[in-house]
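First to last, the sequence lines map onto chains A and B. Taken in order, the first sequence gives residues 1 to 163; the numbers are from the numbering used here. Taken in order, the second sequence gives residues 1001 to 1411; the numbers are from the numbering used here.
The reader is advised that the hints may include incorrect statements.
Claimed, not checked - Far from chain A, some chain B residues (derived; all Cβ distances over 12 angstroms):
1) Glu1068
2) Glu1204
3) Leu1313
4) Leu1331
What the hints assert, rightly or not - Stretches of chain A that chain B covers, calculated by requiring three or more beta carbons in the stretch to come under 8 angstroms of a beta carbon on chain B:
5) 13 to 27
6) 44 to 57
7) 62 to 71
8) 103 to 114
9) 152 to 162
Said to hold, decoys possible - Cut-off 25 angstroms, straight-line C-alpha distance, at most; resulting in silico cross-link-like pairs (SDA-like, lysine to any residue):
10) B:Lys1227 <-> A:Thr52
11) B:Lys1227 <-> A:Arg55
12) A:Lys156 <-> A:Asn93
Simulated from the structure, these hints should not be mistaken for lab results. Keep in mind that this is a model prediction, so the values were computed, not measured. All residues carry an ideal CB built from backbone N, CA and C; glycine is no exception.
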Amino acid sequence: MADETEIKSSTPRYADASLVQARFAGNIEEITEALGEVTVVAKREGLVELMTFLRDEPSLRFNYLSDIGGLDLGEFATPRFAVAYQLYSIEHNHRLRVKVFVEEDDAVLPTMWGVWKTSNWLEREIFDMFGVSFDGHPDLRRILMPADYEGHPLRKDFPIKGY
Amino acid sequence: MQAKEIVVPTSAISMLRKPDPLSDTQMTVSMGPQHPSTHGVLRLELVLDGETVIRAIPDIGYLHTGIEKTMEKEKWQQVVTVTCRMDYLNSSGNDLGYVLAVEKLMGVEVPKRVQDIRVLLTELNRITSHLVWFGTHAMDIGAMTAFFYAFTQREKGLDLFECVSGARLHQSYFVVGGVRWDLPPNFLDLMTEFLDGFPAFLDECKRLVTGNKIFQRRTKGVGVITKEAAIDWALSGPTVRGSGVNWDIRKSEPYSGYDTYDFNVPVYSDGDVWSRYLVRMDEMEESWKICKQAVERLREPGPFMSDHPKLKLPERDLMKQHIDVMIHHFLLASEGFTVPVGEVYQSIESARGEIGFYVVSDGGERPYRVRVRAPSYVNLSALPAMVEGSLIADVVAVIGSIDIVLGDVDR
């Protein structure tokens, strides 16, 4: 068995986002905390820089991208879509959620492929299910639905029985 | 850590080096979706140069059933019936992740006994899930016998699930606020019987496969992924612990009382198929230890459901005396309950890795959105990084070693 330093036991712990607030004040809309979970609502501009900072800053070290989840707020909402990045740091054992809102007629986000490799398939799934595309993605194709499929199933205006 | 040199039997080398007029031509082979080693319906597009894989492109989605969409139309309590249908080999783990997320949104504390029942069944499910992996992984590599041993033992585990919930695979036994009903009176004795026989069985499995020279040569140094790459690709579960990352959510972010149990997290650092094999074999033993402790704690009777008025159905005799209790019962059973507005991300350690539930509530009686972070999906996305440059026969070994369930990949 490999000798590794023991990870300190604790319940899900969210990181202190004040450092990000100070550094990226222009790129952040708000920082909220609810149920012990911290959400950084970021703007699309400068998102890659923000994520790279979160990954590389020694006191944060979010080296593990747990998940990217899409959210459709409904066809009448502006902005319509939200994309939530669940970050985790294996080193510090803390989490953070970064959320970005995008408009329906301009549903494009920068890819995180250069920051975390795992974003490849996670972004493809959001492209497939919500129609949010990712600028600079190396291989942006549908992943779960067939290549010639029309429509985005997880949008709220997509009927549950299909067309 | 450097990738190890691939050990190829000498007979295979001589076969490869034979002058072949097609040797400088690349060939594309479609492996699957009906290939027996793909554990479901996975198709791999392999670009080959001889027997060496130049590129591997997984093609998934054959089992996509729109589970995340289905969850949006089910009531909070009904969603449990679809969560277990994603990763059908580890359905307790899926249910647990979802109910913990909803309980966090509602601020519900479950009784101690519920936590222990959940831990017991989740660990039992980890054992049965790993047994399927053990049998099929060995069979993919050519060790046919192990399959029958593993499945015989797994049957006994599934009988226990049938005893407690009435279903062998899709238990849906965990509900928001507790478990569906109390354990049957003879369950702990049956469980003890299963657990008593397990170490001897596991020992037999190890003697059957672990010491096998052919198995070792097919797995050592195959499908290597370094520690850094494993974290970059967000691998989780036994797959990341086979690369030397000591990270287990049961230890780092304990849920359901896991911090009160005594168990170890096996970690091996070679990052190859062999390491991942050893991690899972050791994990079965650790799960067995946890089950033993949980059985002892469950000897004491106790409540199996939280007292939260939105979750617990009223007592039957009270219901027959008071009209308001009757109305409450009727509304709870027919309309269900509502959950406060909010969003949570709850992740737990399933048999395959981190399964995360990002649950968003708009205050209604149905989830607004449930996003599932499926461990198999993320682990499979790193398959090209593990197999490119190795032999086509190793692809089969690597797929077995990341232990994907296509129901979990496609959802």
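**OP:** Closer than 8 angstroms, Cβ to Cβ, for at least three residues: run that test on the segment 13 to 27 of chain A against chain B and report holds or violated.
**Re:** violated (count 1)
So leucine 1313 of chain B supposedly isn't at the interface. Is its beta-carbon more than 12 angstroms from every beta-carbon in chain A? 26 angstroms, holds
field: Check of the segment 103 to 114 of chain A against chain B for coverage (Cβ-Cβ below 8 angstroms, three residues minimum)
entry: Per the Cβ count (0), the hint is violated.
_Just to be careful, I want the Cα atoms of lysine 156 of chain A and asparagine 93 of chain A compared with a cutoff of 25 angstroms; is the pair within it?_
This hinted pair is violated, its Cα atoms lying about 35 angstroms apart.
| field | Satisfaction of hint between threonine 52 of chain A and lysine 1227 of chain B, Cα-Cα up to 25 angstroms | value | Given that 25 angstroms is the threshold and the Cα spacing comes to 20 angstroms, the pair holds.
Does the claim that glutamate 1068 of chain B lies outside the interface with chain A hold up, using a Cβ gap greater than 12 angstroms? 6 angstroms, violated
Do the alpha carbons of lysine 1227 of chain B and arginine 55 of chain A lie within 25 angstroms of each other, as the hint requires?
Holds, at roughly 16 angstroms.
Does leucine 1331 of chain B sit more than 12 angstroms from chain A, CB to CB?
24 angstroms, holds
Next item on the list: Just double-check glutamate 1204 of chain B for me: nearest Cβ-Cβ distance to chain A has to come out over 12 angstroms.
Entry: 23 angstroms, holds
If you count the residues of the segment 62 to 71 of chain A with a beta-carbon closer than 8 angstroms to a beta-carbon of chain B, do you get 3 or more? holds (count 8)
Exercise for review: Report holds or violated for chain B covering the segment 44 to 57 of chain A, Cβ cut-off 8 angstroms, minimum 3 residues.
Suggested key: Coverage by chain B is violated here, the residue count being 0 at a Cβ distance below 8 angstroms.
Item to check | Outcome, coverage of the segment 152 to 162 of chain A by chain B - at least 3 residues whose beta-carbon is closer than 8 angstroms to one in that chain | outcome: Since 4 is at least three, the answer is holds.
Comparing the model with each numbered hint stated earlier shows that hints 1, 5, 6, 8, 12 do not hold.
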